[in-house]
Amino acid sequence: MRFRLNPLTVQKIRRFRSIRRGYWSFWIFCLLILFSLAAELLVNDRAILVHYEGRFYWPTYGDPLPGRTFGLDYDYETDYRHLRRHLAAGRGAGWVLMPPVPYGPYSTDLRTDAFPPFAPSWSERHYLGTDTVGRDVLARLVYGFRIAIFFSLGLLAANYAIGVSIGCAMGYFGGRFDLFFQRVIEIWANMPFLYVVIIVSSIVVPSFALLIAIMAFFGWIGITWTMRTVTYKERTRDYVLAAQVLGASHGRIILRHILPNTVAVIVTYAPFSVASGIVALTSLDYLGFGLPPPTPSWGELLQQGWAYMSAWWIVAAVVGAMVVTLVTVTFIGEAVREAFDPKRYTVYE
Amino acid sequence: MAAYFIRRLLLVIPTLIGITVMVFVITRLVPGGPIERIILESRQMQSQAGGLAAGPAEQKQPLSEAQIAELRTYYGFDKPVFVSYLHWLSQVVRGDLGTSTRYYDPVWQMIAQRIPVSLYFGILTLILVYGVCIPLGIAKALRHQSGFDNLTSVAVFIGYAIPGWVVGVLLLMLFASVWEIFPLGELVSEDFPDFSAARKVLDLLWHTALPLTAYVCGSFAVMTLLMKNTLMDNLAADYVRTAVAKGLPFRRAVFRHALRNSLIPIATSFGNNVSVIVSGSFLIEKVFNINGMGLLGYESVVERDYPVVLGILVISAVLFLIGNILSDLCVAVVDPRVQFE
Chain A
1 MRFRLNPLTV
11 QKIRRFRSIR
21 RGYWSFWIFC
31 LLILFSLAAE
41 LLVNDRAILV
51 HYEGRFYWPT
61 YGDPLPGRTF
71 GLDYDYETDY
81 RHLRRHLAAG
91 RGAGWVLMPP
101 VPYGPYSTDL
111 RTDAFPPFAP
121 SWSERHYLGT
131 DTVGRDVLAR
141 LVYGFRIAIF
151 FSLGLLAANY
161 AIGVSIGCAM
171 GYFGGRFDLF
181 FQRVIEIWAN
191 MPFLYVVIIV
201 SSIVVPSFAL
211 LIAIMAFFGW
221 IGITWTMRTV
231 TYKERTRDYV
241 LAAQVLGASH
251 GRIILRHILP
261 NTVAVIVTYA
271 PFSVASGIVA
281 LTSLDYLGFG
291 LPPPTPSWGE
301 LLQQGWAYMS
311 AWWIVAAVVG
321 AMVVTLVTVT
331 FIGEAVREAF
341 DPKRYTVYE
Chain B
1001 MAAYFIRRLL
1011 LVIPTLIGIT
1021 VMVFVITRLV
1031 PGGPIERIIL
1041 ESRQMQSQAG
1051 GLAAGPAEQK
1061 QPLSEAQIAE
1071 LRTYYGFDKP
1081 VFVSYLHWLS
1091 QVVRGDLGTS
1101 TRYYDPVWQM
1111 IAQRIPVSLY
1121 FGILTLILVY
1131 GVCIPLGIAK
1141 ALRHQSGFDN
1151 LTSVAVFIGY
1161 AIPGWVVGVL
1171 LLMLFASVWE
1181 IFPLGELVSE
1191 DFPDFSAARK
1201 VLDLLWHTAL
1211 PLTAYVCGSF
1221 AVMTLLMKNT
1231 LMDNLAADYV
1241 RTAVAKGLPF
1251 RRAVFRHALR
1261 NSLIPIATSF
1271 GNNVSVIVSG
1281 SFLIEKVFNI
1291 NGMGLLGYES
1301 VVERDYPVVL
1311 GILVISAVLF
1321 LIGNILSDLC
1331 VAVVDPRVQF
1341 E
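As they're listed, the protein sequences go chains A and B. So the first sequence is residues 1 to 349, counted in our numbering. So the second sequence is residues 1001 to 1341, counted in our numbering.
One chain only, chain A, in its complex shape:
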């Protein structure tokens, strides 16, 4: 066993597990991510399994299968909901197994007798209704969650990569370097972030990666400031002095000695950063400056719900999803903080 966990880390993990609220939130959150990764099998307008004329088809992943494959009279992608009714009516040998929610995030459910939005209905399998264009709300919620969560994690990685390196350097080297970056941060923090995002999105259509880049451009400040303070404190400790006396280089001192001692701070802030990343993307999408339509997104759904108040199920669904996600993330954060920095009090009464 080369990779034995540090006993202190083991103790922290044990403490985290003892905080029920955070521990359960952690598992719920992991499950949500796992489910969203398998979203194509659960929420999709492609069938999971088709049995047609003695052969099995798995249309979920891979190239779209044209309608002719199943004896339908068109070459574009098969409409599996239609195929299901078609085969069930006895016009062909076989059957179709649809996902629990048989709608994709982009497929519109148009009807001849009514206009969307449609209220939630179990018989239509629109469990949370449809939006104003007739797309299934649940499908857009699920795929929107997947985009939001990975956006947020990507943003977290970018922010922390910049913030931790600059913050460490500021705290470690201090002096002019520190003073210069303090001014830079003061300027940066005052820049109207939205202004730059709107300007950029008016020039180019923001893609996933570009939006992360723009937001990381402004998001690194918070963690930088914290890391600066922590490094500043660590630097004056005796072990750093000892390493310096032994002749360790700056790089070695920062990477081998100071960084491991600041991990607690990084880990403590991470869950809250994930929550704020989700909120930021949702806000931008709500305003129409986030990822371009028709990308499924919570913000865009909220915008629709706000504009069509009578379609109460849209707002209710998104707010419900946001509450579950953000509250679990916040509880995880609270528990992590508690595990890394337990406060035991003795009070005399």
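Everything labelled a hint here was simulated from the structure, so no lab data went into it. Every residue gets a Cβ at the ideal spot worked out from N, C-alpha and C, and that includes glycine. Careful, some of the hints might be misleading.
Covered by chain A, according to a simulated footprint, are these stretches of chain B (three or more residues, beta-carbon under 8 Å) [claimed, not checked]:
#: 1; segment: 1010-1018
#: 2; segment: 1083-1096
#: 3; segment: 1154-1168
With the C-beta cut set under 10 Å, the calculated list includes, among others, these residues of chain B facing chain A [stated by the list, open to error]:
#: 4; residue: V1021
#: 5; residue: R1043
#: 6; residue: W1206
#: 7; residue: L1313
#: 8; residue: N1324
With chain A fixed as given, assemble chain B onto it according to the hints.
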């Protein structure tokens, strides 16, 4: 200490110049300014007037070169960036924030009109946040790990997790659309000027309830927990133990000794409250359709109304930087141990 604050105040100047230079340069580099807007508008007018008769070549450029050059001079786009920045800066130093390129009103007047709305919500929020957080924090500290403590923690964290404007959308849907108890946004009713004084107050409060809830619901968590944690730190400190040991009742020890020291961290952010003058979340204001500072800033950004963008930026940056210094001053006032060098 005076030297410290003078140094801090002087450092505001380079920061302010840095911020405005960056935004000023961006406004120059980016397409979609007032000239493009005027060209677009006159093109629309031309196509409405001329209909199909106008040829494609004419439609392409409705204004002559001379007209465009005139516009560029009018908006100051003919000079190099640096020169027009200095021009703008010299105006700002003399207290003139320029004229909106969209509405042609003085920027200062546009901002001044919105300040009462921001102040109204800002001060109400402040009163509610301090009024709830400090007593709640004390109560939670005294009943640490009780059912009450856990329950309020969960409530406060749920409020903290969900952004205020999303709460606003939910409140609007529930109370304005489904149950129709509160109005669908705006700050006053349409025939507000005709109301009697008492009715005006009621109308204003009726319109305030939902947005104010959206404003405050997220702001309880940080301060309540700060209050709770510092009070608990102090309760475990030796001087409180001494006070209790010499026979002081526990309540007196808490309120006479521990509480006073626990208010110090709360004071560290008190100075930043000067920003309420221009505060206002544009998202909440957009959801509730309230014409406050936030919405003004947002609309000026969307419409590329550069003088307004820069004007708001200057005011809010100055208030923010001064707020930081005031916070330091507050700390020095409440805690004599703090020495700024």
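Here is what the structure says about each hint:
no., hint, verdict
1, 1010-1018, "holds (count 4)"
2, 1083-1096, "violated (count 0)"
3, 1154-1168, "holds (count 9)"
4, V1021, "holds, 9 Å"
5, R1043, "violated, 18 Å"
6, W1206, "violated, 18 Å"
7, L1313, "holds, 6 Å"
8, N1324, "holds, 9 Å"
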